[in-house]
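S.K.: Residues per chain are reported as follows:
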Amino acid sequence: MSFWKKIIRYRWDGIEAAIRRKTAEDVRQALRASTRHFDDLLALLSPAATGFLEEMAQVAHGMTVQRFGRIIQMFAPVYISSECTNSCVYCGFNRHNQISRATLTVAEVEKEVIFLHRQGFRHVLLLTGESPQHVPVDYLIRIARKLQPLLASISVEIYPMATDDYRRLIENGVDGLTVYQETYHLKRYAEVHPAGPKRNYRWRLETPDRGGQAGFRRLNIGVLLGLSDWRVDGAFVGLHADYLARRYWQSHVSVSFPRLRPAAGGFQPQFPVTDAHMVQLLCALRLWMPDAGLVLSTREPASLRENLLPLGITQMSAGSKTAPGGYAAKENVEGQFEISDLRSPQEIVRMIAAHGYEPVWKDWDAGFLNDIQP
Amino acid sequence: MTQLPPLIIADRAFDSRLLVGTGKFASTQIMQRAIAASGAEIVTVALRRVDLSDPQDNLMEAVDRDRYLFLPNTSGARDAEEAVRLARIARAAGCEPWVKLEVTPDPHYLLPDPVETLKAAEILVKDGFKVLPYINADPVLAKRLEDVGTVTVMPLGAPIGTNRGLKTRDSIQIIIQQAQVPVVVDAGLGAPSHAAEAMEMGADAVLINTAIATADDPVGMAKAFRLGVEAGYRAYRAGLGQHSWRAEASSPLTGFLRSNHA
Chain A
1 MSFWKKIIRY RWDGIEAAIR RKTAEDVRQA LRASTRHFDD LLALLSPAAT
51 GFLEEMAQVA HGMTVQRFGR IIQMFAPVYI SSECTNSCVY CGFNRHNQIS
101 RATLTVAEVE KEVIFLHRQG FRHVLLLTGE SPQHVPVDYL IRIARKLQPL
151 LASISVEIYP MATDDYRRLI ENGVDGLTVY QETYHLKRYA EVHPAGPKRN
201 YRWRLETPDR GGQAGFRRLN IGVLLGLSDW RVDGAFVGLH ADYLARRYWQ
251 SHVSVSFPRL RPAAGGFQPQ FPVTDAHMVQ LLCALRLWMP DAGLVLSTRE
301 PASLRENLLP LGITQMSAGS KTAPGGYAAK ENVEGQFEIS DLRSPQEIVR
351 MIAAHGYEPV WKDWDAGFLN DIQP
Chain B
1 MTQLPPLIIA DRAFDSRLLV GTGKFASTQI MQRAIAASGA EIVTVALRRV
51 DLSDPQDNLM EAVDRDRYLF LPNTSGARDA EEAVRLARIA RAAGCEPWVK
101 LEVTPDPHYL LPDPVETLKA AEILVKDGFK VLPYINADPV LAKRLEDVGT
151 VTVMPLGAPI GTNRGLKTRD SIQIIIQQAQ VPVVVDAGLG APSHAAEAME
201 MGADAVLINT AIATADDPVG MAKAFRLGVE AGYRAYRAGL GQHSWRAEAS
251 SPLTGFLRSN HA
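Residue numbers (our numbering), protein chains in the order written: chain A, 1 to 374; chain B, 1 to 262.
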């Protein structure tokens with residue numbers, strides 16, 4: 001059993017049509033429900049819900065404060081390598097893009113993390129392109145072991161791996177796995193991933209399953225907004241998150257919903273997503289999954305980040321750099337995409353506090369995982 | 001008003017019967033003021049939130065250890081092994097050997113694992129810890145924990161953070177009737193009336209976090225819970241505790257059987 005076995009029972013067109021059919025009464029029903037069914041999620045994602053954004057936001061805010069409190073967990077991305085064998089049309093690291101690329105040494109990664117540590121970060125997300133030749137599993141393990149003393153939590157957003165490789169990462173101090181399907185639309189997925197290992201839709205779709213089986217404490221999935229109809233992708237990512245939370249019941253599931261940003265290659269989104277759409281998707285996901293983490297990165301502009309914060313967000317990045325070595329270790333390496341919220345972590349912290357929330361730097365402990373032998 | 005007897009846990013006396021948690025607050029300052037207003041003397045802190053190696057850790061510093069019993073908890077631990085490791089790390093870092101044992105393998109409802117909790121309690125008690133275990137309202141488990149030497153049992157009223165009140169009332173009643181250690185109702189209490197209800201039933205104390213931390217006015221809510229707990233306890237002492245499921249010796253309907261045979 002994997003999510004593939006479940007998703008093939010749903011047809012994209014069928015979900016799309018069901019969403020279009022939803023009425024204001026369906027939305028009211030979904031808002032009132034004490035436990036929500038998939039049909040309620042579809043109603044909340046539908047055009048019929050456009051007139052109910054304030055009600056949805058009120059419910060989403062209340063549910064989030066009760067479940068998570070008035071706190072925002074802080075994290076920072078650390079790009080290790082921009083080498084990539086894929087040719088994702090929207091991504092700056094596309095192998096066809098003529099950009100300056102880099103793979104950091106262990107010492108350089110450590111330098112980056114020391115920089116972040118000084119700013120207060122204790123949770124980091126390590127990222128790479130898809131190039132096991134430049135960043136093999138053993139290399140990631142060396143990095144994780146080096147970083148462990150500095151950090152409370154290490155997550156990875158790297159190329160999909162086999163379950164046994166994930167187990168080895170966990171044994172060496174990695175506790176979270178992030179992997180986005182980008183879009184659940186099969187044909188569209190093939191169009192935007194024309195070549196390279198990422199072309200394999202099913203292998204990628206089943207990556208969180210392998211991560212769950214390996215025992216990651218946190219599974220983070222997501223869709224890249226702009227590639228397909230966000231309402232339908234929202235329904236699928238909701239379905240996926242619900243499946244993971246039920247099946248890997250010991251792992252905490254979170255969802256990201258980044259919008260496409262300008263990047264090398266100049267790709268233009270075919271399905272633009274407005275701020276109001278972002279609000280609707282965020283609130284729909286919160287009402288669908290009261291316990292899921294919802295992640296907001298610096299891809300979004302400062303003002304929107306502030307406004308989305310109380311609607312259900314649980315995790316935020318700050319001061320992010322998307323180039324390997326971008327914090328401290330290197331200069332003149334190009335990033336994966338342009339970030340939008342350029343404020344420093346200190347400014348973000350002040351913003352969060354001004355909204356009546358506490359920024360939380362440490363919400364995990366390496367002591368949970370097995371003792372790591374030096 | 002009459003002086004109330006103290007709450008005794010592991011030979012240590014506490015005037016307050018309200019324990020409080022430190023999660024979910026909008027800021028450290030609000031948390032400190034709410035704790036002060038609650039009158040609590042026992043404050044629990046999630047070990048995953050603190051950096052024990054950092055003497056200036058924000059949360060550790062915020063809880064004055066001369067004034068409060070700093071009660072580390074193992075929230076986030078998935079099994080006995082993790083909980084035991086965390087407790088030992090805390091003790092090695094200078095915490096008192098008291099631990100609120102939480103083994104919650106399900107990160108969504110945060111319900112406690114009875115098997116792993118019992119296993120961890122046994123290890124930690126042998127290791128010299130005062131163990132306060134968070135459990136579902138399971139009377140048999142409560143007795144088993146008492147048997148291995150825990151200093152309280154802490155059954156939940158409803159799942160953590162739900163504010164739903166004493167949904168497990170009947171089982172908690174049995175736990176109270178059978179207990180030889182203090183029963184602290186932990187989790188799910190959303191209003192001072194819920195706390196009062198638990199105390200009226202004969203609970204020895206309650207632990208509150210979400211309902212205070214996420215109130216519009218956490219300081220005001222902390223004060224309200226302080227009063228609710230005291231009101232419930234006074235009511236219990238004043239005679240509300242007489243209700244029982246067991247037959248009373250002075251049964252008015254069948255008393256004649258005894259007098260006839262006298």
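Hints listed in this document are in silico derivations from the structure and should not be mistaken for laboratory results.
Values in this document were obtained by computation on a predicted structure and should not be read as measured data.
Among these hints, one or two may not hold up.
Claimed, not checked - Some residues of chain B that are not near chain A, with every Cβ distance over 10 Å (derived):
| # | residue |
| --- | --- |
| 1 | Ser16 |
| 2 | Asp127 |
| 3 | Asp147 |
As the list claims (entries may be wrong) - Label-pair ranges, simulated between beta-carbon atoms:
| # | chain 1 | residue 1 | chain 2 | residue 2 | range |
| --- | --- | --- | --- | --- | --- |
| 4 | B | Gln29 | A | Met1 | 26 to 36 Å |
| 5 | B | Arg65 | A | Lys5 | 45 to 55 Å |
| 6 | B | Ser193 | A | Glu54 | 42 to 52 Å |
| 7 | A | Val106 | B | Asn58 | 28 to 38 Å |
| 8 | B | Asp216 | A | Ser340 | 28 to 38 Å |
| 9 | A | Glu55 | B | Pro97 | 44 to 54 Å |
| 10 | A | Glu171 | B | Ala231 | 44 to 54 Å |
Stated by the list, open to error - Sample of chain B residues facing chain A (criterion: CB under 10 Å; computed from the structure):
| # | residue |
| --- | --- |
| 11 | Ser27 |
| 12 | Leu47 |
| 13 | Arg48 |
| 14 | Asn58 |
| 15 | Val63 |
| 16 | Gly76 |
| 17 | Ala77 |
| 18 | Glu82 |
| 19 | Pro105 |
| 20 | Pro107 |
| 21 | His108 |
| 22 | Tyr109 |
| 23 | Ile123 |
| 24 | Val125 |
| 25 | Ala235 |
Just so it is clear, CB atoms sit at the ideal spot from N, CA and C, and this is done for glycine as well.
S.K.: Can the hint on Val63(B) be confirmed by a CB-to-CB distance to chain A that is less than 10 Å?
M.R.: violated (15 Å)
S.K.: Has the hinted range 28 to 38 Å been met by the Cβ atoms of Asp216(B) and Ser340(A)?
M.R.: holds (33 Å)
S.K.: Taking the least C-beta to C-beta distance, is Asn58(B) closer than 10 Å to chain A?
M.R.: holds (8 Å)
S.K.: Just double-check Asp147(B) for me: nearest Cβ-Cβ distance to chain A has to come out over 10 Å.
M.R.: holds (28 Å)
S.K.: With chain A as the partner, please determine if Ile123(B) meets the hint condition of a C-beta pair closer than 10 Å.
M.R.: Check failed: Cβ of Ile123(B) comes no nearer than 16 Å to chain A, outside 10 Å.
S.K.: With chain A as the partner, please determine if Pro107(B) meets the hint condition of a C-beta pair closer than 10 Å.
M.R.: The hint holds - Pro107(B) has a Cβ within 10 Å of chain A, the shortest such distance being about 4 Å.
S.K.: Using the nearest Cβ pair, does Pro105(B) come within less than 10 Å of chain A?
M.R.: holds (5 Å)
S.K.: Note whether the CB distance of Val106(A) and Asn58(B) lies within 28 to 38 Å or breaks it.
M.R.: Since the Cβ atoms of Val106(A) and Asn58(B) sit about 30 Å apart, the hinted range of 28 to 38 Å holds.
S.K.: Say whether it holds or is violated: Ser16(B) keeps its Cβ farther than 10 Å from all Cβ of chain A.
M.R.: The assertion about Ser16(B) holds, with a minimum of 23 Å to chain A.
S.K.: Are Glu171(A) and Ala231(B) spaced within 44 to 54 Å by their CB atoms?
M.R.: holds (52 Å)
S.K.: Under 10 Å, Cβ to Cβ, is where Val125(B) needs to be relative to chain A, so tell me if that hint holds or is violated.
M.R.: violated (20 Å)
S.K.: Interface hint check: His108(B), Cβ to nearest Cβ on chain A, cutoff 10 Å. Holds or violated?
M.R.: Given a least distance of 4 Å, the restraint on His108(B) holds.
In terms of the numbered hints stated before, the structure departs from hints 4, 6, 15, 23, 24 and 25, listed from lowest to highest.
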